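Visitor: Chain B: place on chain A using the hints.
2 protein chains.
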Amino acid sequence: MNAEILSIGTELLLGEIVDANAAFLAGELAVLGINVYWISQVGDNRGRLEEAIRRALERSNVVLTTGGLGPTDDDMTREAIAAVLGEGPVIDHELERTLRARFRAMGREMPEKNLKQAWLISSAEPLPNPLGTAPGWWVTAPDGRVIGSMPGVPSEMRTMWTEQARHRLEHLADGVFVAVTLKTFGPGESAIEERLGDLVKAANPSVATYAKRDGVQVRVAARAADRKQARALVDPVVERVKRILGAEVVGADDDSLASVVGDLLQARHHSVASAESITGGLIASYLTDVPGSSGYVLGGLVAYNEDVKRGFGVADEVLQEHGVVSAETALALADAARDRFGASFGIGSTGVAGPGAHGGENPGLAFVAVTSIDQRQSRQVRRIAPRETVKHFVALSALDLLRRMLLDK
Amino acid sequence: MNAEILSIGTELLLGEIVDANAAFLAGELAVLGINVYWISQVGDNRGRLEEAIRRALERSNVVLTTGGLGPTDDDMTREAIAAVLGEGPVIDHELERTLRARFRAMGREMPEKNLKQAWLISSAEPLPNPLGTAPGWWVTAPDGRVIGSMPGVPSEMRTMWTEQARHRLEHLADGVFVAVTLKTFGPGESAIEERLGDLVKAANPSVATYAKRDGVQVRVAARAADRKQARALVDPVVERVKRILGAEVVGADDDSLASVVGDLLQARHHSVASAESITGGLIASYLTDVPGSSGYVLGGLVAYNEDVKRGFGVADEVLQEHGVVSAETALALADAARDRFGASFGIGSTGVAGPGAHGGENPGLAFVAVTSIDQRQSRQVRRIAPRETVKHFVALSALDLLRRMLLDK
Chain A
1 MNAEILSIGT ELLLGEIVDA NAAFLAGELA VLGINVYWIS QVGDNRGRLE EAIRRALERS
61 NVVLTTGGLG PTDDDMTREA IAAVLGEGPV IDHELERTLR ARFRAMGREM PEKNLKQAWL
121 ISSAEPLPNP LGTAPGWWVT APDGRVIGSM PGVPSEMRTM WTEQARHRLE HLADGVFVAV
181 TLKTFGPGES AIEERLGDLV KAANPSVATY AKRDGVQVRV AARAADRKQA RALVDPVVER
241 VKRILGAEVV GADDDSLASV VGDLLQARHH SVASAESITG GLIASYLTDV PGSSGYVLGG
301 LVAYNEDVKR GFGVADEVLQ EHGVVSAETA LALADAARDR FGASFGIGST GVAGPGAHGG
361 ENPGLAFVAV TSIDQRQSRQ VRRIAPRETV KHFVALSALD LLRRMLLDK
Chain B
1 MNAEILSIGT ELLLGEIVDA NAAFLAGELA VLGINVYWIS QVGDNRGRLE EAIRRALERS
61 NVVLTTGGLG PTDDDMTREA IAAVLGEGPV IDHELERTLR ARFRAMGREM PEKNLKQAWL
121 ISSAEPLPNP LGTAPGWWVT APDGRVIGSM PGVPSEMRTM WTEQARHRLE HLADGVFVAV
181 TLKTFGPGES AIEERLGDLV KAANPSVATY AKRDGVQVRV AARAADRKQA RALVDPVVER
241 VKRILGAEVV GADDDSLASV VGDLLQARHH SVASAESITG GLIASYLTDV PGSSGYVLGG
301 LVAYNEDVKR GFGVADEVLQ EHGVVSAETA LALADAARDR FGASFGIGST GVAGPGAHGG
361 ENPGLAFVAV TSIDQRQSRQ VRRIAPRETV KHFVALSALD LLRRMLLDK
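Sequence lines, in order, name chains A and B.
In this text, residue positions in the first sequence follow the numbering used here: the first is 1, and each later residue adds one.
In this text, residue positions in the second sequence follow the numbering used here: the first is 1, and each later residue adds one.
If you're looking for bench data, these hints aren't it; they were derived computationally from the structure.
Just so it is clear, the structure is predicted and the values come from calculations on it, not from any experiment.
One should not assume that every hint holds.
Where chains are identical, the list cannot tell them apart; a pair therefore holds if satisfied intra-copy or between any two copies.
To be verified - When the alpha-carbon atoms are kept at most 25 Å apart in a straight line, the in silico BS3-like pairs for lysine-lysine are as follows:
1) LYS242 / LYS201
2) LYS113 / LYS212
3) LYS409 / LYS242
4) LYS116 / LYS409
5) LYS242 / LYS212
6) LYS409 / LYS212
7) LYS242 / LYS113
8) LYS201 / LYS116
9) LYS116 / LYS212
10) LYS201 / LYS228
11) LYS116 / LYS228
12) LYS201 / LYS212
13) LYS116 / LYS242
14) LYS242 / LYS228
15) LYS201 / LYS113
16) LYS409 / LYS113
Only chain A is shown next, with the shape it has when bound in the complex (with noise of 0.2 Å):
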């Protein structure tokens, strides 16, 4: 079985709003093991509304269409189902009284445009919004195929998805869908592919790659006829697919550096400061993101100039033989913060986040550090890039130094 999905309004078509109720459905569907190989946004128009409909009706078992269900003129989704379907609308009694009570209880009169959305026509019944003024619609074709329409209001179309669409698409899904996302931080999407090797040609479970922001992720997923055999089939090619990548893995799901370093240092009884150049106090600011990490973040030090680093207590003659941007101007500025917040592990960063700072020399050469009391490592880091793109880069990069140092413990 498959579905479509129809997001309905102009606005999607200028830009003005991002369509996370498609993301929403498309997430929920997955779920349920009902595939999803459309979706689309259209306009307020009539006429292409109905041609996308019909066109969804053609190749897909179940439209689910969000969006054109207000009160307005330029709200056509009842019109445009009603024609592809040749019924015609007529006013459904109990809906109309329902919706005369919601206003009442608002304390306000029914503008007569309200009426439509007391409209039904014969294959369709109404599915309640408990939010809003516009009731769904759940139609079944006369060859079986469904169409189910949601308000484009958020909160509404998630309300109604749950409480009315998804248990009656449940009883018509074959099976059930589960997958994993490991996270990765260090190589490229090749490289970790060609590690995987015929892995990623596999189908069920099938194994796919991602290049994110934040690293590569690989994606372990399964269909089968319920959640056990689901999490048979994936979970053997999860422990894999962490065999063959290693320490390259930092999580799955959920996790980030940040969250795996706090649980690292949560676990060890460890501490962490930071003293950093070009990363501005981000680094600090990604440890901070993880909810508890007042409890094993002491603080950190911005210092964006040489007599700054000078105060810190990064020595002079560091800074003149290395030079700022070096490793040993990065391990001493980790030092500085181990030694003034009394942490367990310092992190320092210093390089050239270019363009406009330093001269301009060598923009996107960065080091970080990462010191304890039995060790001191630090790592190049290379990014052409946008500035901050490069300091995002940078400060993933220690606290990656940083996470694979507490794993070697």
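Guide: Same frame as chain A, now just chain B:
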């Protein structure tokens, strides 16, 4: 002229990511005065991808695609376009040289898989990608219809759009569209709209408000035969909006709170330093996102627990009498930052981002403060939201306080 957007990638159909690329491009096309009637998402499936491209070319003059330009077997946008146009891709030696050079610069061997990113067809010219290995394609079909293919990674797509694709379309559009976006921080969207009154009902120039993560934006846009005429429509309305909103207007277009604060500091030969608790380094990071910020950002402190705050010079009595989460502590942190770095302005932040921190009391309550030799101001901030959103809003509130103090000088 009309354009259509096609977003390619199975992760879109699984609901794993929201299609922000399509919304971005739709907004850009609206600004160019190009109508968008269709947006769709299609998976990494060769047959459906070809079908989608073929249909788009039948009904639209311009087709913009994002995604599917990576090096792996799943990436088949190039193959599909070539097949629809009946052409065969060949390796372009110039592209291959650039690609190999890019890998060399990163100190890595180019996997042979990546060679497909050097493919070209005879009706396509390559669009350089300064941020990644996937060049785009600008295809002109025999009948004059255009396909612009860009990568799916948002930063790469946006850069390629701005530097390569946009001006190619500007030539094709009828008339020009000029828009100025004014950025505000503080008041909500409906408050801004009320103050603008009838202005938001005008048609050419149109005035529209958008609630964004960094504050409400007001876009003034007009269409005319040429740029000069369009500007003559837009500019007086921009001035009117500025007069109405006064100091609520942070800046326009590419300005950010951090860049505007930076300009003000530089113009007045001032410097700044920060001491952050709740924002954990994010204020310093935003300040240093601006090229040239090393000229006025002296440094920063991240104080994530009381001892550290005391160590930085926040008096015990302040903490005891007013509590950690108080205007007085924020002011004391700002003073400590000024003192420590000898900056003309100090910024302080304190609060509870929640959940998990400080026992979860009063999450979303924060204070920011800015002090100088003759001014001391603080602001209470309240935002019930996910942790990262609270931090973001508190950091922007601190920058906005500094901005208003600099304007008053």
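Visitor: Compare the structure with each hint and give your call.
Guide: Taking the hints in turn, this is what the structure says about them:
1. LYS242 / LYS201: Only inside one copy: LYS242 and LYS201 sit 17 Å apart there, 58 Å across copies, limit 25 Å.
2. LYS113 / LYS212: between (40 Å within a copy, 19 Å between copies)
3. LYS409 / LYS242: within (19 Å within a copy, 59 Å between copies)
4. LYS116 / LYS409: Neither, since 58 Å and 42 Å both go past 25 Å.
5. LYS242 / LYS212: Result: close within a single copy only, 19 Å intra versus 39 Å inter.
6. LYS409 / LYS212: neither (29 Å within a copy, 44 Å between copies)
7. LYS242 / LYS113: Cα proximity of LYS242 and LYS113: across copies only (23 Å, versus 53 Å in one copy).
8. LYS201 / LYS116: between (51 Å within a copy, 18 Å between copies)
9. LYS116 / LYS212: between (38 Å within a copy, 20 Å between copies)
10. LYS201 / LYS228: Close inside one copy (23 Å), not across copies (56 Å); limit 25 Å.
11. LYS116 / LYS228: neither (44 Å within a copy, 40 Å between copies)
12. LYS201 / LYS212: within (21 Å within a copy, 41 Å between copies)
13. LYS116 / LYS242: Cα proximity of LYS116 and LYS242: none, with 51 Å in one copy and 28 Å across.
14. LYS242 / LYS228: The answer is within: 21 Å in one copy meets 25 Å, while 60 Å across copies does not.
15. LYS201 / LYS113: Between copies only: 15 Å across, 54 Å inside.
16. LYS409 / LYS113: Neither: 59 Å inside a copy, 36 Å across copies.
When each numbered hint is compared with the structure, violations occur for hints 4, 6, 11, 13 and 16.
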